[in-house]
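*Asks:* In case you want the letters, here they are:
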Amino acid sequence: MAVVCLAWSLLSGYLDLLAWRRSPQDEAWRQWFAWSLILRGLGLAAVLGALGGVIMLRRRLDRQIDTMVEACHSMALGEPSPLSDAPQGLQNLGRLALAIQVMHEALLDYLNLYRRFFDTAPDMFLSLAPAGQRILDANTSFCRALGLLKDEVLGQPAERFVQLDKGWDRAMSEGGELITGQIKGPGGTIKVEASISLEGSPGGQQWVLGAILRDVTLRDALYRELLQKSTALEKALEEIKSVEELKDQFLTTLSHELKTPLVSLKGFLQLLRQGKASGEQGQNYLEICWRNLGKLETQINNLLDLARLSHSKEQYSMEPVDLSGLVRTEAENLQAAAAERKVRLDLSKLPRQEMRVMGNHGKLVQLVDNLLVNAIKYNKESGEVSLELRREGPRVVLRVADSGVGIDRERMAVIFNRFYQANLSGTGRLEGLGIGLSLVQEIVKLHNGNIRVESEPGMGTTFTVTLEATA
Amino acid sequence: MSHPLILLVEDDTDIAALYGDVLRGEGMDVVLCRSRRQARDWWQTAPRQPDLVILDVRLPDGNGLDLCCELGEMGSGQPHPPVLVLSAHGDPRMPVLCKQAGASEFMDKMEGIDGFLDNIYKLLQ
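Going down the list, the sequences are from chains A and C.
Using numbering that gives the first Met the number 0, count along the first sequence one by one with no gaps and you end on 470.
Using numbering that gives the first Met the number 0, count along the second sequence one by one with no gaps and you end on 124.
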């Protein structure tokens, strides 16, 4: 503008000068020209003055802008608000500086809010470099979990501290879902669940922004405990079901085993009552009734014994019992039953001399009787039952071996269960209530002894009872 | 007129003796078998079919109901004699199972001699 004014002034002056040369004698022209020159000189001076003022103002504004830029840089570096201390130097741009100051404080508030959220979060927050997974920032929870200072963590690769089960590379390529991993802290291994924040780059590549890690050690332990308990409960339920089945099976067997002697008793007594038998036949019927009465008594006593042995052991008096004589007597008593089933009893390994144990005579008879009856009952036709009794240090060992059907491995674990009864293949009927071995085990427990079973299907079974010897 | 022939399949010695004596007392001929196998063997070689079969459910080598099915199959399409199934089993499903196996009648052994004979005469008719 100033240049245009100057050019116009010079040009109009030059035109006036040309006009004056054509008529230099004209007084009016001369006066006009003189005044014109004065006025143009004044205008030129005013224009030059204004130009100088503008240059000075421009320099001043430049200085103020430099001050503001410097202040903004300081703020960006997190130095405390330099703008608030320099309002004097910013008379012209003061309002703008104030606006920047307000904006700065607002941003600081937001920053503080997120900082507090970041640092006080119980979950572990990591800000990661987009490539290379180096840690840019980490919150207090993460540093505390590692037992390290923040400075020791920043700039380090995340995989140095956090091991993800599927690895960082795969976790970064998949993202989104929760990934399990672990951190090794001063207090031991911490199990974590990580979620990785990913951002797609313009080139289609996935950049990692950060990761949130949650300590799931306690939850994991609880989960495992719950799982164990759940498994145990399932097992218990199965056992209950199995016991229920055994109970049903037992009740059916009980019904059968108690009814069978009763059928004979009732039938023969009915014949006797109706006078359909007399003399020798009548006597024979009475014998049958008596025998069946004995069977009933035995079954009922076995049931009662099992209940008593399970709950009150103190009522049985203990005394020295010659087991050698007891076993021989019981074996001889069962010779007839064995012969009926064509089973041979081998007593050659029974000692002639006394072999004493501290025990209850009646219960030991029951023990030997049950083992022998089972060995005969589950034997093959023309099979053998071998009895052996020997002293082994402070103990007396009784072995009852049969050459019968044997017991498979699965059933071996349950044969001492109450009401279990071996189910021989293809056999629909078995005598007894299935409490024999359970009773044997209770009697062995009563004598603080031990019972062991060895068996091979098709080859036979051996029961070994160990009892404490006495003088 | 020949006496009715009864095939009695019962493994319990005393019960077999009881029913055998009762049937013989009524003038019937009784063939006693102690197991499923024994009954099957007798059936295949018997000079004539029995007029009535009495089966116990629990036998040492199998189930009386299975034997009932087998007797039907061994008859080569001919109707087999009536079958009375006896049991001291407490299972309430037993009458239905017996019918399914082709038995004519089921009787609980606890019914006694009179009930037994009633069933025998009913089935022989």
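Take the hints with a grain of salt, since some may be wrong.
Computed list of lysine-lysine pairs in DSS-like fashion (alpha-carbon distance at most 30 Å, straight line) [to be verified]:
1) A/275 / A/265
2) A/246 / A/294
3) A/246 / C/98
4) A/258 / A/246
5) C/98 / A/265
6) C/121 / A/246
7) A/275 / C/98
8) A/294 / A/265
9) A/246 / A/275
10) A/246 / A/183
11) A/376 / A/444
12) A/294 / C/121
13) A/294 / A/190
14) A/265 / A/246
15) C/121 / A/190
16) A/275 / A/258
17) A/258 / A/240
18) A/165 / A/149
A few chain C residues facing chain A, derived, Cβ under 7 Å [as the list claims (entries may be wrong)]:
19) 14
20) 98
21) 109
22) 110
23) 112
Over 10 Å on every C-beta distance to chain C, these chain A residues come out as not near it, computed from the model [said to hold, decoys possible]:
24) 42
25) 97
26) 100
27) 120
28) 130
29) 205
30) 254
31) 260
32) 266
33) 267
34) 275
35) 276
36) 315
37) 333
These are calculated hints, taken from the structure and not from any lab test.
Think of the CB as a built atom: it goes at the ideal place given N, C-alpha and C, for glycine as much as any other residue.
*Asks:* Work down the list of hints and note, for each, if the structure agrees.
*Replies:* Verification of the supplied hints:
no. : hint          : result
1   : A/275 / A/265 : holds, 14 Å
2   : A/246 / A/294 : holds, 22 Å
3   : A/246 / C/98  : holds, 27 Å
4   : A/258 / A/246 : holds, 18 Å
5   : C/98 / A/265  : holds, 27 Å
6   : C/121 / A/246 : violated, 37 Å
7   : A/275 / C/98  : violated, 33 Å
8   : A/294 / A/265 : holds, 14 Å
9   : A/246 / A/275 : violated, 41 Å
10  : A/246 / A/183 : violated, 53 Å
11  : A/376 / A/444 : holds, 24 Å
12  : A/294 / C/121 : violated, 33 Å
13  : A/294 / A/190 : violated, 66 Å
14  : A/265 / A/246 : holds, 27 Å
15  : C/121 / A/190 : violated, 80 Å
16  : A/275 / A/258 : holds, 23 Å
17  : A/258 / A/240 : holds, 27 Å
18  : A/165 / A/149 : holds, 26 Å
19  : 14            : holds, 6 Å
20  : 98            : violated, 19 Å
21  : 109           : holds, 6 Å
22  : 110           : violated, 9 Å
23  : 112           : holds, 5 Å
24  : 42            : holds, 131 Å
25  : 97            : holds, 97 Å
26  : 100           : holds, 94 Å
27  : 120           : holds, 66 Å
28  : 130           : holds, 75 Å
29  : 205           : holds, 67 Å
30  : 254           : violated, 3 Å
31  : 260           : violated, 8 Å
32  : 266           : violated, 4 Å
33  : 267           : violated, 6 Å
34  : 275           : violated, 6 Å
35  : 276           : violated, 8 Å
36  : 315           : holds, 33 Å
37  : 333           : holds, 17 Å
Violated hints, listed in ascending order, are 6, 7, 9, 10, 12, 13, 15, 20, 22, 30, 31, 32, 33, 34 and 35; each of the other numbered hints is respected by the structure.
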